[in-house]
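Enquirer: Using the sequences and the accompanying hints, generate a full structural model.
First residue of the sequence shown? That's 1 in UniProt numbering, and the numbers climb one at a time after it.
Note that these hints are calculated values from the structure, not bench results.
It is possible that some hints are incorrect.
[Said to hold, decoys possible] Here are the computed lysine-lysine pairs in the DSSO-like style, where the Cα-Cα straight-line distance is at most 27 Å:
| id | residue 1 | residue 2 |
| --- | --- | --- |
| 1 | 465 | 262 |
| 2 | 262 | 341 |
| 3 | 392 | 346 |
| 4 | 499 | 444 |
| 5 | 186 | 210 |
| 6 | 489 | 342 |
| 7 | 186 | 559 |
| 8 | 231 | 499 |
| 9 | 262 | 473 |
| 10 | 262 | 346 |
| 11 | 582 | 499 |
[Said to hold, decoys possible] Estimated spans, in silico, between C-beta atoms of each pair:
| id | residue 1 | residue 2 | range |
| --- | --- | --- | --- |
| 12 | 587 | 180 | 20 to 30 Å |
| 13 | 341 | 494 | 10 to 20 Å |
| 14 | 553 | 341 | 20 to 30 Å |
| 15 | 528 | 136 | 42 to 52 Å |
| 16 | 180 | 347 | 51 to 61 Å |
C-beta atoms are modelled at their ideal positions from N, C-alpha and C, and glycine is treated no differently.
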Amino acid sequence: MKKIQIKLIIPIASLLVCLVYACRKDMLNRPILQSLSPNIVANKTGVESLLIGTYSLLDGVGGNGGGINAAGSNWLFGSVTAGDAYKGSEPSDGGNDILPVGNFTYSTSNPYIRDKYRLCFNGVSRANDVLRTLPLAKDISADDVKRITGEARFLRGYYYMELKKMYNMIPYIDETQTDANQPNDKDIWPNIEADLQAGIDNIPALQSQKGRANKWIAMAYLAKAKMFQHKFAEAKALYDNLIPNGTKPSGDHFALNDNMQKNFSPQAGQKNSVESVFAAQSSVNDNSGGNNGNTGDELNFPYNSGPGACCGFFNPSQSLGNSFKTDGDGLPLFTTFNSGKKVSGKTDPYTGTLDPRIDITMGRPNIPYLDWGNPPASWIRDPTDGVFNPRKNVYSSAEKGTNSSTENYWAANEVTSNNINLMRWSDVLLMAAEAEVEVGSTDKALEYVNMVRNRAANPVWWVYKNSAYDPSKSEYTTKTTPADNYLVKPYPAGAFANKTYARTAIHFERKLELAMEGQRFFDLQRWDQGTGSMADEINAFFAYDINVNSQLNGAHFTKGKNEYYAIPQSEIDLSGSKGASKLKQNPGY
Numbered sequence: 001m002k003k004i005q006i007k008l009i010i011p012i013a014s015l016l017v018c019l020v021y022a023c024r025k026d027m028l029n030r031p032i033l034q035s036l037s038p039n040i041v042a043n044k045t046g047v048e049s050l051l052i053g054t055y056s057l058l059d060g061v062g063g064n065g066g067g068i069n070a071a072g073s074n075w076l077f078g079s080v081t082a083g084d085a086y087k088g089s090e091p092s093d094g095g096n097d098i099l100p101v102g103n104f105t106y107s108t109s110n111p112y113i114r115d116k117y118r119l120c121f122n123g124v125s126r127a128n129d130v131l132r133t134l135p136l137a138k139d140i141s142a143d144d145v146k147r148i149t150g151e152a153r154f155l156r157g158y159y160y161m162e163l164k165k166m167y168n169m170i171p172y173i174d175e176t177q178t179d180a181n182q183p184n185d186k187d188i189w190p191n192i193e194a195d196l197q198a199g200i201d202n203i204p205a206l207q208s209q210k211g212r213a214n215k216w217i218a219m220a221y222l223a224k225a226k227m228f229q230h231k232f233a234e235a236k237a238l239y240d241n242l243i244p245n246g247t248k249p250s251g252d253h254f255a256l257n258d259n260m261q262k263n264f265s266p267q268a269g270q271k272n273s274v275e276s277v278f279a280a281q282s283s284v285n286d287n288s289g290g291n292n293g294n295t296g297d298e299l300n301f302p303y304n305s306g307p308g309a310c311c312g313f314f315n316p317s318q319s320l321g322n323s324f325k326t327d328g329d330g331l332p333l334f335t336t337f338n339s340g341k342k343v344s345g346k347t348d349p350y351t352g353t354l355d356p357r358i359d360i361t362m363g364r365p366n367i368p369y370l371d372w373g374n375p376p377a378s379w380i381r382d383p384t385d386g387v388f389n390p391r392k393n394v395y396s397s398a399e400k401g402t403n404s405s406t407e408n409y410w411a412a413n414e415v416t417s418n419n420i421n422l423m424r425w426s427d428v429l430l431m432a433a434e435a436e437v438e439v440g441s442t443d444k445a446l447e448y449v450n451m452v453r454n455r456a457a458n459p460v461w462w463v464y465k466n467s468a469y470d471p472s473k474s475e476y477t478t479k480t481t482p483a484d485n486y487l488v489k490p491y492p493a494g495a496f497a498n499k500t501y502a503r504t505a506i507h508f509e510r511k512l513e514l515a516m517e518g519q520r521f522f523d524l525q526r527w528d529q530g531t532g533s534m535a536d537e538i539n540a541f542f543a544y545d546i547n548v549n550s551q552l553n554g555a556h557f558t559k560g561k562n563e564y565y566a567i568p569q570s571e572i573d574l575s576g577s578k579g580a581s582k583l584k585q586n587p588g589y
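Expert: Here it is in structure tokens:
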């Protein structure tokens, strides 16, 4: 499914005006539209266009507040803030807005905090427009009414879930309300669950377009919502249905790709694979002026001559690199990964064994980077950025101009056809493993985790030296010399008998498997539950990595405050424009 090229609701309405009324002589006598007019879009074409417009904000671009500030990948809010990565670039570039978010020193008027809030509520508003307009259309079949209702409510639930994860206490506004100025005095998890359940109940399993949701995707998100609330038994019941039976909109069963690299390929034939549960769709060179590409991540490329050629943001952290160390049994070092020598240290680097996922997660000195060769030192924009480059969002040299944009856009080389992985099947399996540890079988949890680790141990996708890279297969053609001393193995039978150990192993597996995918902050948040574990991990990251990155100076995570972001002050002010403010600020701000 192509992302809609005109991303504002008013231009969509204007386009439909032309389609519907172009031959009407009285068209010029009609009043200028200041808002969406239901009588214009109250037909199947109009409603479907509104629905596509709702999908189009999944990448965080378009509408009110969209762009780099609200990227659907959550690269800043989910990864930089949790120690996956540094801001990157030069200290002054983004130093007044991006850096304070990563260091938890931001003000309540920070534009990134504000724009993510606005973008997600714009998605809610678009979903509500679909639901308000749908009953007015008389040319839509009952089956399509049911499907569209389910998709719109699923998407509304998705955007509200993003808001809940970010800001916790937010107002819930549905299609029946005419006043959007509502208080944030209630927990909206029940509303989110109801919307996601409506997706399960109304969207068919089979869909005509790859990018659309289906009932199983809605079920995956409902299960994740349950996990955020620690409703482990309810989540397990959903996973028990989803894992053996769940299918993609095409009808293919969800599964792990044998080749992990395919999850991050921009090639049309590899995107929306069996491992892709839900993704924001991207395309380039389609006469959209770059607007259909993954512009939310356009800063996150190596500097100078590599893919993108700019802008040196989102450099993986030293702590993350060290996290891929393994012991003699090919298992991770949960608490001692930062002890001893640094992975890819500039002097006297670590030479022990590593989980091969490190080289699909980050570019490292002296390690092949797709078909670009070994990353040169010039790809690092500033010494504060460490030594690693982002890798999951890039394209190969052979794909430049095909899967990167050549359109008239200020940063064309940074606009790619890479889909944004909003949920992968490995995410589902590891969530299910958590639920099993809490209310099910630790042996089943071990099975799910080892499915992910066995794929990591599959040498088909590893990085190899002295080999060409084939982007059509997302693998190196000559698999003779692994690029480093790789060793990863499954956990042995019975390893999860101790539930505390099992939890730690699953939490660390998510760190490795989903690194740089905007997940870590929200994982730490849902595990914390007031214990302070989130503050402990993030402050430990600051304490270690300040020795690498001086931009972390003054960074500190405050327990009881920074688990959620601030409600934007502009929204609080707006809620009180006609009296007392209806929105209340989160604790500590």
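Enquirer: Against this structure, judge whether each hint is valid.
Expert: Results for each hint:
Between residue 465 and residue 262, the direct Cα distance comes to roughly 19 Å. Compliance with the 27 Å bound is thereby established for this hinted pair. The suggested pairing of residue 262 with residue 341 is violated, with an alpha-carbon distance near 31 Å, which exceeds 27 Å. A hinted pair counts as satisfied when its Cα atoms are at most 27 Å apart, and residue 392 with residue 346 qualifies at roughly 23 Å. For the proposed pair residue 499 and residue 444, the alpha carbon gap of about 13 Å is at most 27 Å, so the pair holds.
At most 27 Å may separate the alpha-carbon atoms for a hinted pair to count; residue 186 and residue 210 exceed this at roughly 36 Å. About 22 Å separates the Cα atoms of residue 489 and residue 342, which keeps this hinted pair within 27 Å; it holds. For the suggested pair residue 186 and residue 559, the alpha carbons sit about 22 Å apart, so the restraint of at most 27 Å is met. A distance of roughly 17 Å separates the Cα atoms of residue 231 and residue 499; the hinted pair therefore holds under the 27 Å criterion.
Taking the CA atoms of residue 262 and residue 473, the gap is about 8 Å. The hint holds against a cut of 27 Å. Under the criterion of a C-alpha separation no larger than 27 Å, the hint pairing residue 262 with residue 346 is inconsistent with the structure, at around 31 Å. Between the alpha carbons of residue 582 and residue 499 the distance comes to roughly 44 Å, so the proposed pair goes past 27 Å and is violated. Range check, residue 587 to residue 180: about 25 Å between beta-carbon atoms, so the 20 to 30 Å window is met.
At roughly 32 Å, the beta-carbon separation of residue 341 and residue 494 lies outside the given 10 to 20 Å, and the hint is violated. The hint said 20 to 30 Å for the Cβ distance between residue 553 and residue 341, and at roughly 24 Å that hint holds. At roughly 45 Å, the beta-carbon separation of residue 528 and residue 136 lies within the given 42 to 52 Å, and the hint holds. For the hinted restraint 51 to 61 Å between residue 180 and residue 347, the CB-CB distance of approximately 57 Å keeps it satisfied.
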